[in-house]
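Kindly generate the complete structure, drawing on both the sequences and the hints.
Going by my numbering, the sequence shown opens with residue 45, and the numbers climb by one from there.
Be aware that a few hints might be false.
Okay, derived cross-link-like pairs now, DSSO-like style, lysine-lysine, Cα gap no bigger than 27 Å in a straight line [as the list claims (entries may be wrong)]:
#1 K277 - K194
#2 K295 - K328
#3 K76 - K86
#4 K68 - K82
#5 K115 - K99
#6 K385 - K328
#7 K328 - K296
#8 K296 - K385
#9 K86 - K101
Honestly, the hints are just simulated from the structure, not real lab data.
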Amino acid sequence: ALFNINDVLNRLERLDQQLAERDKQLSERDQKLAARDKELSKLQQEIESREAEIKAKENEIAEKEAELAVKDQELQEVENELQQLTKNRNELQSRVNELSSQRNDLEAQVSELENQIADLEADYDDLREVANQLQAGVIYYMGEDMVYQKGDVIYSDVLEGGRSEQETISALNRYLQEANQVAMEQDIQVNKETGMALRLQTEDILNAARIIYNMDQGSRVIVSLISRVNVPKNDWLYANFQLYEDFVVFKKDALISSRVISSAQSSEEIETELEALLQDVNEKAVNQGLLPDNSGQVGSINFSQFYELVNRVRSSEAEVKVNVYAAANIWREDRLSDNLKFELEEVKAEEQNNDG
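And the structure:
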């Protein structure tokens, strides 16, 4: 077929028209889009501006809330302070009332004391005369030999507690008779009508009887009569009771103390070691309840027993352990004299090395 150039040109012309139309449409759309973009940009700016304003307001609100919290705290502190001040005011008012009452009491006491001072001043001369008499009595005592010092034990014995009333009274009467006999061995004044050398208060005797009676059945009590004052020769012996619960301080065969002593030492050194051992025995006895005598002692072995023990240690071949045992049950009122037994135990080489 023959190529028809006119048709082609016509088609190209139509296409050009269509493209021109399309370009126009696209141009109009671009203008609309540009207008929309401009409008959106403006709206975005307004949104950002509003967000900034909102953020600023939120910050301002946060600051106000913080200030409000501080004010609330200050208000609470003021309220607490007000409550404390109110409480303090009430307490101070109560204290004022109390002090006023005390002041009235003190004024009454001052008035009473002034009256007492007046009475004391009136009795001054009489008291001075009594003081002179007492001074004369002190001079008298200083020139006299003392039979008993204040606090000395006059007599001591063990009574059984918890018995019947009659048995308790009978036992206490026997005790007082025996104590009186011991007291009469000294140069003291004796009541010729009653034959009693002891001057005791009836209330003290009844109180001692009541304590012994109320004790558990089968229990033991150490009853001691103690000199109430210094007693010179041929004077009255005033005494008080002292009661101690009795118990076994060391049971028979109980180990009281021990000490390792070398037989190679001199006699003087061995004596020193044994004296230290006996001192430890005495201290343990007192600490565990043994009652000391007027001189503060609890008794010990005699001279011959001591040096017999020294010789036993010296005759040993090496180091020995000296063990001190209770020879019998030792009660609180007992003495250590004749109640101790000593056993010597040879210290083996291994024990010496271990001790080293």
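We went through each hint and held it up to the structure:
no.	hint	result
1	K277 - K194	holds, 14 Å
2	K295 - K328	holds, 14 Å
3	K76 - K86	holds, 15 Å
4	K68 - K82	holds, 21 Å
5	K115 - K99	holds, 24 Å
6	K385 - K328	holds, 16 Å
7	K328 - K296	holds, 16 Å
8	K296 - K385	holds, 10 Å
9	K86 - K101	holds, 22 Å
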